[in-house]
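Number of protein chains: 2
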Amino acid sequence: MEITSMNNEKPSNFFTNGLLWFKSLPEKLFAKIVGIAKQFKKIGKDDPRRVIHSLKVGLALTLVSLFYYFQPLYNSFGVSAMWAIMTVVVVFEFSVGATLGKGLNRGMATLLAGALGVGAHYLASATGKVVEPILLGLFVFLQAFASTFIRFFPHVKARYDYGMLIFILTFCLVSISGFRVDEIIDMAHKRLSTILLGASVCVIVSIFVCPVWAGEDLHKLVAQNMEKLGKFLEGFGDEIFKSSEVEESKDAKKSLVDYKSVLNSKNTEETLANFARWEPGHGQFKYRHPWKQYLKIGGLIRQCACRIDALNGYINSEIKAPEEIKGMIKETSKKMSIECGKALKELSQAVRKMNLPISADQHVTNAKNSAKNLNSLLKSGINWEEINLLEVIPVAAIASILTDIVICVEEIGQGVNELASLANFKRSKNKEIINTKVVVEKIESNNNIEGATTQGSRKVHACSSQHDDHHVVITINEQNMKL
Amino acid sequence: MEITSMNNEKPSNFFTNGLLWFKSLPEKLFAKIVGIAKQFKKIGKDDPRRVIHSLKVGLALTLVSLFYYFQPLYNSFGVSAMWAIMTVVVVFEFSVGATLGKGLNRGMATLLAGALGVGAHYLASATGKVVEPILLGLFVFLQAFASTFIRFFPHVKARYDYGMLIFILTFCLVSISGFRVDEIIDMAHKRLSTILLGASVCVIVSIFVCPVWAGEDLHKLVAQNMEKLGKFLEGFGDEIFKSSEVEESKDAKKSLVDYKSVLNSKNTEETLANFARWEPGHGQFKYRHPWKQYLKIGGLIRQCACRIDALNGYINSEIKAPEEIKGMIKETSKKMSIECGKALKELSQAVRKMNLPISADQHVTNAKNSAKNLNSLLKSGINWEEINLLEVIPVAAIASILTDIVICVEEIGQGVNELASLANFKRSKNKEIINTKVVVEKIESNNNIEGATTQGSRKVHACSSQHDDHHVVITINEQNMKL
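Read top to bottom, the protein sequences are chains A and B.
For reference, each letter of the first sequence is one residue, going 1 to 483 in the numbering used here.
For reference, each letter of the second sequence is one residue, going 1 to 483 in the numbering used here.
A portion of the hints provided could be inaccurate.
Claimed, not checked - The calculated lysine to aspartate or glutamate pairs, modelled on EDC-like cross-linking and capped at a C-alpha distance of 20 Å, are:
{"id": "1", "chain 1": "A", "residue 1": "K260", "chain 2": "B", "residue 2": "E391"}
{"id": "2", "chain 1": "A", "residue 1": "K260", "chain 2": "B", "residue 2": "E270"}
{"id": "3", "chain 1": "A", "residue 1": "K231", "chain 2": "A", "residue 2": "E391"}
{"id": "4", "chain 1": "A", "residue 1": "K220", "chain 2": "A", "residue 2": "D186"}
{"id": "5", "chain 1": "A", "residue 1": "K330", "chain 2": "B", "residue 2": "E270"}
{"id": "6", "chain 1": "B", "residue 1": "K266", "chain 2": "A", "residue 2": "E270"}
{"id": "7", "chain 1": "B", "residue 1": "K372", "chain 2": "A", "residue 2": "E391"}
{"id": "8", "chain 1": "A", "residue 1": "K266", "chain 2": "B", "residue 2": "E270"}
{"id": "9", "chain 1": "A", "residue 1": "K157", "chain 2": "B", "residue 2": "E391"}
The hints are simulated quantities; they were obtained by calculation from the structure and are not laboratory data.
It should be emphasised that the depicted structure is a prediction, and the values quoted were computed from it without experimental measurement.
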């Protein structure tokens, strides 16, 4: 098109372009529509709950709008039924927790601010028609100032931000309207009852029609993140020191970049945990499920992901270290990586099924033993005269980062154990047998354990268990920490 | 208190406790009030703009409520003035960008949905009183379903989420109200004009009374994050391989943990960039300032922070490497770290002042030369027979991570250069002289440059400059990339 336009002179150029544009319009429009339809399909396919959520919003709105259509209902509320519609639109959120949180915030704030607004109205109207607007203006100003400022308090912002907004809104509406409308109590009462009605419709539809629980999402997200890291570490074990000539499958490559999403999961986790705290007990989760522990585990997972990010840099670079050294650390590094991966996958599986993560401890122990082996291998040494230290650096760095990752995985394991004890995870039947085995192994291997990690004093959280059930498991962890 | 209660029998125990509780009540209440007052003070002190924002909200609400108090104004709008108050409460946000974004969203959505709602009402009412509510219900359901689903589109969620919400709300209110209220056009018109009025008051107060610009905040945040990393690296240069007996000052320790906040800044940056795009030109920023480039730089900064997090693990651990090796890499590592720190600080300063970051390139070059020196030192080697490889690992890891950090800092430098070219940063007067010097140095040192980084093929973004101004600087960067 551009070539044509360059050859012609200006006016016909303009018309030709215009004509071409008009001719291509239906095509473009069709392409655009197809593009949007594809996006619709993709978004629905990524999470089918989105389609259901949209249908639920439609349902709730249609239910509430019945108050307008049918006569006995409309007479009792009148135009105030508008507030019910407004409440449904604003309060209905994707998850039950978010909907409940907003609904309760809106209900409580309306009640409180309504009462205060009526009070302010009577106080102001007692002073006479001249002073009244001045006093009302002062009340509105002071209230808006104080409430807006309180919204900056971190714990208010996290849980009651919407409530504060509605508080300001309702107080202003009720106190100011009182200046013009006579039946202010009636107005406040109607507003409150319609809001409660709208909020109830939201909550009922949200809970009873294919509910989406934020808590469950958080639970799954944390388990999934652990699995992603586990997959990376297992994959890394296979990739490590591979000669660049071997062609890898695309699937294997993909599993190695999956972990990147873990690095930025903090915000999602915090939001979900915040919503989850509003939710009633559901499925396997009780009302006071230890949601905060998930945030702690999430933090440890991200710390591990950060180490893995450092490790990832070495996958695509060719490592020039002498074959002797490569061969020396290849097997043990591989084992460390794969055992850590297995431990994370096992922890993920345990969290997912809410079982005690027993064999994970075993994998961590194996990884630590490998770390110990690696260290003694490096200690025993070979003929150093032939070695160029520069070439050893990446190998040494990989070993060092892997040792770090073992510590991270152990901490994650402890976090999951704490969660298991707080949330009463089920014992699986073969627990005692495995535990005994682990204890025996630990006692045997505990004798020549010192000096295994040269980085020394990384902090390892002590595991505080209040449950006798897990006593054996946790004792093992405390012994492991000395490694 | 607990000891007393354990010695006494039950009933008197209860009364004593009750009495004690009552006695301590005023004290507790006072402590609580003092605590809240302290928190108020702290939050105001942390960012005094919060106090001003709260005052601005109070002012805007008081201004809008004048429509209720004064007669000619009230007559023209009536109860619809309520919508103006509602708009102010909901639309007024902390930054100009957020307020403008919400105001425009609300205004446009009301206009569109109002028109569609009126259309739906006339269409439905033409079918007669029996079919009308069914048809209206269908419209509401379909519209709510489609709009809710569209809210899941990522780019809609990012910029038009609030608009979609208001679209659903207004459409439902207008179309359903039409079933009961006769003057639907009048209603839609009044609603639109009061909302525009409320939104205008918000925008005017937000822009003309001590404005808070999201763009400026983003600009400062990115500069500040670079400075935090720079401070860490300078501090690390001093701390590295320090014997543990030397007591460090608490201030120095503090600057070494400041960087942690950088790791989680992604969300804040994205929100600010999103708001900034709504803002008109202000101060040094034009309307189409390249806000997206800040996100790119922010990503690179976080990548660097992740490496620094890995480095941080070595600060508190005692490194057992032989003094010989320590001494060998101490000076060069120190120089690398300090030069990277200086480069970051210089970049931060340049961004802050919107100057071209010239001497930063020099510092990066110095850091790279140090990396090269370190490598040749390691290559030249000492008597390897005496070395325990295990003890060399942490030293090697530090060297490796520092080399990585040099690459990260260079990428950040390139990002800032791109920003400088996109946003037309000012040239400082001594630019040419320094440039010439850098070029000469580069040409001199370019001869024996290969093999400096053993990790090889890290991706380094090519710098795309469209400005002749920066040609010299950018040429240097492209040469540097080979290092």
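Hint-by-hint comparison with the structure:
no.	hint	result
1	K260(A) / E391(B)	violated (31 Å)
2	K260(A) / E270(B)	holds (18 Å)
3	K231(A) / E391(A)	violated (28 Å)
4	K220(A) / D186(A)	violated (47 Å)
5	K330(A) / E270(B)	violated (41 Å)
6	K266(B) / E270(A)	holds (14 Å)
7	K372(B) / E391(A)	holds (14 Å)
8	K266(A) / E270(B)	holds (14 Å)
9	K157(A) / E391(B)	violated (49 Å)
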